[in-house]
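A.B. asks: Listed below, chain by chain, are the residues.
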Amino acid sequence: MPDICIAKENFPELIERLMGRYRVYAPVERGRYYEFAQIGKAAEADLSFSNTLLSPKGLFHPQAERMFEYSLARDDPDAGIVKEAQKEFAPRLILGIRPCDARAFDLDDANFDTETLKDPWWIRRRDATTMIGLACDSPCSTCFCTSMGSGPYDTAGLDVLLADIGEGYAAEVLSEKGKAALEDVCGSSAAGACLQVAEKKGAAEQSIAAAFDPVAISKIGMLDLYNSPMWEEVQFACINCGACTFLCPTCWCFDIQDEVYADRGDRLRLWDSCMFPLFTLHGSGHNPRSIKTQRVRQRFMHKLKYYQDRYNRGPACVGCGRCVQACPVNIDIRQVGLKMASTVSSCSA
Amino acid sequence: MNPFLPYPVRIDSVITETEDRNLKTFTLVFINAEDEKKFVYVAGQFAMLSIAGLGEIPIGIASSPTEKGFLKFTVNKVGKVTTGLHDMKAGEIMGVRGPMGNSYPWDLLEGRNVVIIGGGFAFTTLRSSIVYMIDPQNRPKFGRIDVVYGARTPGMLLYKDELAQWEKRSDINMHITVDDTNDPDWKYNVGFVPTVTRQKAPDAENAYAIICGPPIMIKFTLPVLSELGFPPDRIVSSLEMCMKCGIGFCGRCNIGTQYVCRDGPVFTLAQLAGLPVEY
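Protein chains in written order, with the numbering used here: chain A, 1 to 349; chain B, 1001 to 1279.
Simulated from the structure, these hints should not be mistaken for lab results.
Owing to the predicted nature of the structure, the values given are computational and were not obtained by experimental measurement.
Cβ atoms here follow ideal geometry from the backbone N, Cα and C, with glycine treated the same way.
Warning: the hint list may mix true and false statements.
Stated by the list, open to error - Derived, one-sided and incomplete: chain B residues facing chain A with beta-carbon distance under 7 Å:
| hint | residue |
| --- | --- |
| 1 | 1003 |
| 2 | 1053 |
| 3 | 1078 |
| 4 | 1250 |
To be verified - In silico BS3-like pairs for lysine-lysine, Cα to Cα no more than 30 Å straight-line:
| hint | chain 1 | residue 1 | chain 2 | residue 2 |
| --- | --- | --- | --- | --- |
| 5 | A | 292 | B | 1080 |
| 6 | A | 83 | B | 1038 |
| 7 | B | 1089 | B | 1077 |
Just need the whole structure built from these sequences, with the hints factored in.
C.D. replies: Below, the structure is given as structure tokens:
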């Protein structure tokens, strides 16, 4: 339920004030697509976007990240000793993020923030970031968030959810961080907006076609899905370009590489993709996923089955539809999910 | 503590183990004493060996936690980082990150007989296990210890001096073998590991088998273990996978739901039967 209404005419001022306290990232138009970028002026933020081409995962998990540095100078007693690269984790605010993308970061937390081991950079960036989301009123034909446990008005992972009610935004405060972000905002009572927001939410959810049922997939045995003959057909068109993995907000796989310049170097973390043959290549030359079918199967099995089995919090997919839009050979995860969900379980004990 | 940051170590010694010179044992010493206290490990675990400028490689820890003051790793030269490591000498600085992985199931092995079967240079964590078990403090915890260890030729065996010493002991039954040799001084067995395992027929009663070796050796030894009466949940193996982070974050070493670096690398055959055959 919304807590406060902010008139659109007051919104630029709100953004300016937020920029005084946070580094603000918002959707910025770049010709044919949008991306989340740090804004220097309120006017750069364009909330009329549908969604960004690249998911905002790069804000928490950069495409290339310098983790460590080291000297290799002959006369340096510290040569060869790896040291943490200095970084800043100043407070940030992501404005206008869609509910699907915000939920994706909660799903990614399962990987980077475990009981025993924590990724220090991921954690610090998550801690330093406040997310003000924007509900979707015009979902795309490729959206299927409602089937993945999310929705156009989903609040998971958000600190504030904004709903566009015409002359303003109805804001629902969801966390202490969200409260802090809106503490000095000039708004009006949201009492009158409740019904309107509920109606818009219903309409948006209705407009999204049902895709497939991940719960059905969770109930089918892992080996029954893995050994299903469906994968031969699914993999046929795939060219292992990796576009799906790069755009996906719940794909987090990375490589670690050392890069050297004269007498110093960096240890970098870089996005990688299970779509690439080199991903699993052993030093000996053996490759457990040398055949394309194995790689294509791995991606869908990980997102829709292994992640569910391992973490018990639904699939590693938020239905944002970016992979569906971007795949150059029109492989559609919704169709793959349907095939998986209708796989027959074997009767063996 | 940053789990991606290696502890700085100095190479204390480098020994060439095998006649083809492709396997070297590196003894490493922590540069900071307090790092050694943090590096608490159990036999069967591995660590990431880090060389600044080249990268990291996941290598089984060959030393036993009962050996203080150093870590031992035996490394096969296969690629960029291992070649760089093989070119390094005593006194040079590198890094160690870990310990990683789930180790052999020592809590389950207590009170049991232990049969260790190793081939080639997969013997490294088995050395760690043997040294751990025959340590006077630990030996009483285990029953009979049988070891079958084979390499292609006498010159390809690891830890030759130690093997000879263990062979003389009465509290461990060593069955050292080579595929073939025309060395007239060769004192031990001749024959493939699966064949020698069948000949020596270790008793499966109250026993666990730990098996590490090249895929072909494992393929032909598993049926022998089954014939001897070892059930799948008492046959333990350590797997290898391409790894980068070694801590279950980078996503590349999974077999189904299991990350070999984090949930493994040690799995029982019963566990592997429930996973996709993708390794």
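A.B. asks: Does residue 83(A) pair with residue 1038(B) here, judged by a C-alpha cut-off of 30 Å?
C.D. replies: 18 Å, holds
A.B. asks: Please work out if residue 1089(B) and residue 1077(B) have their alpha carbons no farther apart than 30 Å.
C.D. replies: 15 Å, holds
A.B. asks: For the restraint on residue 1053(B), tell me whether the closest CB of chain A is nearer than 7 Å.
C.D. replies: 5 Å, holds
A.B. asks: Identify whether the interface hint at residue 1250(B) stands, where standing means a beta carbon of chain A within less than 7 Å of its own.
C.D. replies: 5 Å, holds
A.B. asks: Return the status of the interface hint for residue 1078(B): holds when the least beta-carbon distance to chain A is below 7 Å, violated otherwise.
C.D. replies: 4 Å, holds
A.B. asks: Going by Cβ atoms only, is residue 1003(B) closer than 7 Å to chain A?
C.D. replies: 5 Å, holds
A.B. asks: For a C-alpha distance cap of 30 Å, please report whether residue 292(A) and residue 1080(B) respect it.
C.D. replies: 26 Å, holds
Checked against the numbered hints above, the structure violates none of them.
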